[in-house]
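Undergrad: Respectively, the protein sequence lines represent chains A and B.
Going by numbering that gives the first Met the number 0, the first residue of the first sequence is number 0, and it counts up by one from there.
Going by numbering that gives the first Met the number 0, the first residue of the second sequence is number 0, and it counts up by one from there.
Hints may be right or wrong, so weigh each one.
As the list claims (entries may be wrong) - Some chain B residues flagged as far from chain A (calculated, every beta-carbon gap over 12 angstroms): (1) S2; (2) G43; (3) G51; (4) G76.
Unchecked claim - In the EDC-like style, the derived pairs of lysine to aspartate or glutamate whose C-alpha atoms are separated by at most 16 angstroms in a straight line are: (5) K29(B) <-> D9(B); (6) K684(A) <-> D151(B); (7) K722(A) <-> E542(A); (8) K76(A) <-> D636(A); (9) K29(B) <-> D216(A); (10) K579(A) <-> D550(A); (11) K722(A) <-> E610(A); (12) K684(A) <-> E120(B); (13) K116(B) <-> D79(B).
Honestly, the hints are just simulated from the structure, not real lab data.
C-beta: ideal position from N, C-alpha, C; glycine also.
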Amino acid sequence: MNGPVILDRRRVLAGGGALIVSFSLPDAFAQQQAQAPAPKPPGSLAKAPYLDSWIRIDADGAITVFTGKAEIGQGVKTAIQQIAAEELDVPFASLKLVTADTGRTANEGYTSGSNSMKESGTAIQNAAAQVRELLIAEAARRLNVEAENLKTDNGAVVAADGQRLGYGDLVAGDILHVQAQAKSKLKDPATYKVMGQALPRLDIPAKVTGGAAYIQDMRLPGMVHARVVRPPSYGAELIECDISAVEKLPGVVKVIRNGNFLAVVAAREFQAIKAMRALSAAAKWREKPGLPKQDDLLGVLTSLPSQDSTIFEHSDPSATGQITIEATYTRPYQCHGSIGPSCAIAQLVDDAMTVWTHTQGVYPDRAGIAEMLRMPEDGVRLIHVEGSGCYGHNGADDAAADAALIARELRGVPVRVQWMREQEHGWEPFGPAMVTRLKASLDASGMITAWNFEVFSNTHSMRPGGAGSMLAAQHMANPIAVPAPKPIPLPEGGGDRNAIPIYKFPNAHVVHHFIPAMPVRVSAMRALGAYHNVFSIESFMDELAKLAGADPVEFRLKHLDDPRGRDVIEKAAQSFGWQKGHKAPSDRGFGFAFARYKNLAAYCAIASEVEVNRETGRPRLLRAVAAVDSGQVVNPDGLINQIEGAIVQSMSWTLYEAVTFDDTRITSIDWQTYPILRFDAVPEKIEVHVINRPGLPFLGSGETGQGPAAASIANAIANATGKRLRDLPLTRKRIKDAIDA
Amino acid sequence: MMSLKVNGHDHQIDADGDTPLLYVLREELKLNAAKFGCGLGQCGACTVMVDGKAVLSCVTPLLLLEGRQVTTLEGLGSLDAPAPIQRAFMEEQAAQCGYCIAGMMMRAQALLQRTPKPTDEQIRAELQPNLCRCGTHMRILRAVHRAARLMDSAALPSTTQGSAR
Chain A
0 MNGPVILDRR RVLAGGGALI VSFSLPDAFA QQQAQAPAPK PPGSLAKAPY
50 LDSWIRIDAD GAITVFTGKA EIGQGVKTAI QQIAAEELDV PFASLKLVTA
100 DTGRTANEGY TSGSNSMKES GTAIQNAAAQ VRELLIAEAA RRLNVEAENL
150 KTDNGAVVAA DGQRLGYGDL VAGDILHVQA QAKSKLKDPA TYKVMGQALP
200 RLDIPAKVTG GAAYIQDMRL PGMVHARVVR PPSYGAELIE CDISAVEKLP
250 GVVKVIRNGN FLAVVAAREF QAIKAMRALS AAAKWREKPG LPKQDDLLGV
300 LTSLPSQDST IFEHSDPSAT GQITIEATYT RPYQCHGSIG PSCAIAQLVD
350 DAMTVWTHTQ GVYPDRAGIA EMLRMPEDGV RLIHVEGSGC YGHNGADDAA
400 ADAALIAREL RGVPVRVQWM REQEHGWEPF GPAMVTRLKA SLDASGMITA
450 WNFEVFSNTH SMRPGGAGSM LAAQHMANPI AVPAPKPIPL PEGGGDRNAI
500 PIYKFPNAHV VHHFIPAMPV RVSAMRALGA YHNVFSIESF MDELAKLAGA
550 DPVEFRLKHL DDPRGRDVIE KAAQSFGWQK GHKAPSDRGF GFAFARYKNL
600 AAYCAIASEV EVNRETGRPR LLRAVAAVDS GQVVNPDGLI NQIEGAIVQS
650 MSWTLYEAVT FDDTRITSID WQTYPILRFD AVPEKIEVHV INRPGLPFLG
700 SGETGQGPAA ASIANAIANA TGKRLRDLPL TRKRIKDAID A
Chain B
0 MMSLKVNGHD HQIDADGDTP LLYVLREELK LNAAKFGCGL GQCGACTVMV
50 DGKAVLSCVT PLLLLEGRQV TTLEGLGSLD APAPIQRAFM EEQAAQCGYC
100 IAGMMMRAQA LLQRTPKPTD EQIRAELQPN LCRCGTHMRI LRAVHRAARL
150 MDSAALPSTT QGSAR
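For reference, chain A alone in the conformation it holds in the complex (with noise of 0.2 angstroms):
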């Protein structure tokens, strides 16, 4: 009863428009008949109304949860566990989970922008507690008892004189199959069991001991190996390329060539690199420059035309300052970098196409790939499999979309493709380049009085949704256009995501510019704009505590109302250590930030000490400290574990990493060429304090901590060396040059 056999009946019975089942219960949350339209159920319950879309009980007691988000390394599917075996009421290890499927669970979009436990979570909470309600209202009708007299254990619904109804026996019938209310019984706080607790991750056991863990370990029968033949270069197109010689070579099955797609199948995988290697020989493109100037990000991305908006505005004239500073701060291109180059399997039988993706929105790659074939998006159902960690819009969809137009020529055959590690570090969708611009005033009391902020960005997503948005598509003859690139739209933001500032300021005025011309490919990386955004806000906000001579913690509390903005910093000011005044020990530095993330997400204060070398300028994190608010915790370690990983991957950003490219090619296509951080710079210590916020939303945690990591660290090279440094990344070389000058 889990199979793709429910959706389309849901599909049916959505499409007659008539059936809306709505429940009673005791306490009467009844739709109300009033004209005004019925307040929506909370989180993705929203778009996807069905309590069964959620929640299947089968006759035998089995309960089944699907949520339409994608496990990536961030611990979700356990979060969303503990979340469902909480509200429902079973033990959390009773309970299957079944993640993103087309064919099986709702259309949640992407995984990214942090949303998951604030949309999924939420809409499977409210799910749980609704089906636990409509389970004991059963058992009340069938016991003939009043609800109230009811409650709910270990998967039974349980009468005051010890009767206990199992909710398989309860489930006769449709009687999940109804709309979700808009507002849900949920349990109180205080009586959680399973929320709450830092239960070990489901994924991990199988992750160490070599157990089938992701794509790239799926074996199906009759299997081929592919590899692709990508361009050197965005634009290059393939004038000439003889494949006979390479059809020759022991193992190949296939080679394709469609416009400038080319591909090569072979029986085993060593087979199909040699082959692909021969065909890379073989191939002659046509090239032309089209890439800018890599060491005048600056002067590119200020010059290039946009499209300006002022997101914010606030105006106090009675509030004038003495002193006026500016800054410029820029951030280069930078790599998601997964560990796995991406990978996907895609196998056509009959007209149907099954594709097998770590993408991060299985719905939206659907309709993809669908254009791509031309074919009905009914047609092609795609299944998410873990792939190596996701930071963003990587090669996931590309890989997707290739095993797919490969597969199509090889009707029945199962065809994996894995990108090499230069394909992925050359074609995947960069974190865009990014300028800011601040100026800001301070008065006599040391009060900021004006700010003026501007961001100069590309857009932050070119996901698909349409076909254009992949690299086969692109390529392919008769090849589908770029879509034209969107800003992400505010309140969440993109290039302008985290631009307007949380601090109270009586003068304040942000200006958005919309970078149409992508001359290099980019999409979503981990927190977007704001990445850059709070790095440049919270660098130019210590440079001014510095101009009014003051401690840097409390500078930030003397702007800030938000109470649980100011519950972080002095959580993390406190446990760090931090007193006013207090000075670094000779060649160390110590630094603050802050944000909440997209303004309305989780909070994060980081502390963080820095060590710099003078001779050589090379940094180090000795330690980090950062307090964290995420709403209510679901899983503390699975939060935990996201925070220190934030801080560590951001240093890495900020510390080493740019996308290197001359005026044709990107040059940066390995670990040689786009270094990353390495165990001899990982700190000594990072601590992270979580706040927990019982019954309030969850605030989602995978992105919170990279901007707040970039600028503590920043600001901590700034106290060591006494000089600012701007330009991202914060190299040795600049910051020995910054020393020398």
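For chain A, the structure is supplied; the task is to place chain B on it using the hints.
TA: Positioned in the frame of chain A, the structure of chain B alone reads:
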């Protein structure tokens, strides 16, 4: 045909001698733990042990392995009977995506077999060739320290488990 000893078992392998060990392990022997990360020996995701030493299987051709003992993560223990290092990584929850972790564990295992009580500096130096992108480093370090303690408190043979099997 070439004979290859993996996790204590002899296998006859029908592959060209230039085939990197990684593909033989993953494709011929259907072992999942060693991962393709770069194929260039730059990231360590493919790390296994050969005669007790950490080796990058993506750049080690099959023809160099005649008569050698190859150990993969699967050879250390299993879900039902995890080796100390596997227990340690579970207990420390030392993974995010986990793609790099098998390689980390094999390099750490090789260190612990050679140096049962390593200092923090020794562990960091040993793991230098291995990359983690999720930023799980703090937990990996804790897990290796924990594994050292678990191995120390376990029966003596477990410290040579990797190459003995």
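Undergrad: Work down the list of hints and note, for each, if the structure agrees.
TA: Tested hints:
Against the 12 angstroms criterion, S2(B) stays outside the reach of chain A, whose nearest CB is about 19 angstroms from its own CB. Remark: the non-interface label on G43(B) conflicts with the geometry, its nearest Cβ contact in chain A lying 9 angstroms away (cut-off 12 angstroms). At roughly 19 angstroms from the closest C-beta of chain A, the C-beta of G51(B) stays outside 12 angstroms, upholding its exclusion from the interface. For G76(B), the requirement that its beta carbon stay farther than 12 angstroms from each beta carbon of chain A is not met, with the minimum near 7 angstroms.
Taken as a hint, the K29(B) and D9(B) pair is honoured in the structure, with Cα atoms around 15 angstroms apart against an allowance of 16 angstroms. Distance restraint check for K684(A) and D151(B): the Cα-Cα separation of roughly 25 angstroms exceeds the 16 angstroms cut-off, and the hinted pair is therefore not satisfied. The hinted pair formed by K722(A) and E542(A) meets the criterion: a straight-line CA distance of about 10 angstroms does not exceed 16 angstroms. For a cut-off of 16 angstroms, the pair hint linking K76(A) to D636(A) stands: about 14 angstroms separates their Cα positions.
Taken as a hint, the K29(B) and D216(A) pair is honoured in the structure, with Cα atoms around 9 angstroms apart against an allowance of 16 angstroms. Our distance criterion of 16 angstroms between C-alpha atoms is met by K579(A) and D550(A), whose separation comes to about 6 angstroms. Note on K722(A) and E610(A): the hinted pairing holds, with a Cα-Cα distance of about 14 angstroms set against a maximum of 16 angstroms. A threshold of 16 angstroms between alpha carbons decides the hint, and for K684(A) with E120(B) the separation of about 14 angstroms falls inside it, so the pair holds.
At most 16 angstroms may separate the alpha-carbon atoms for a hinted pair to count; K116(B) and D79(B) exceed this at roughly 26 angstroms.
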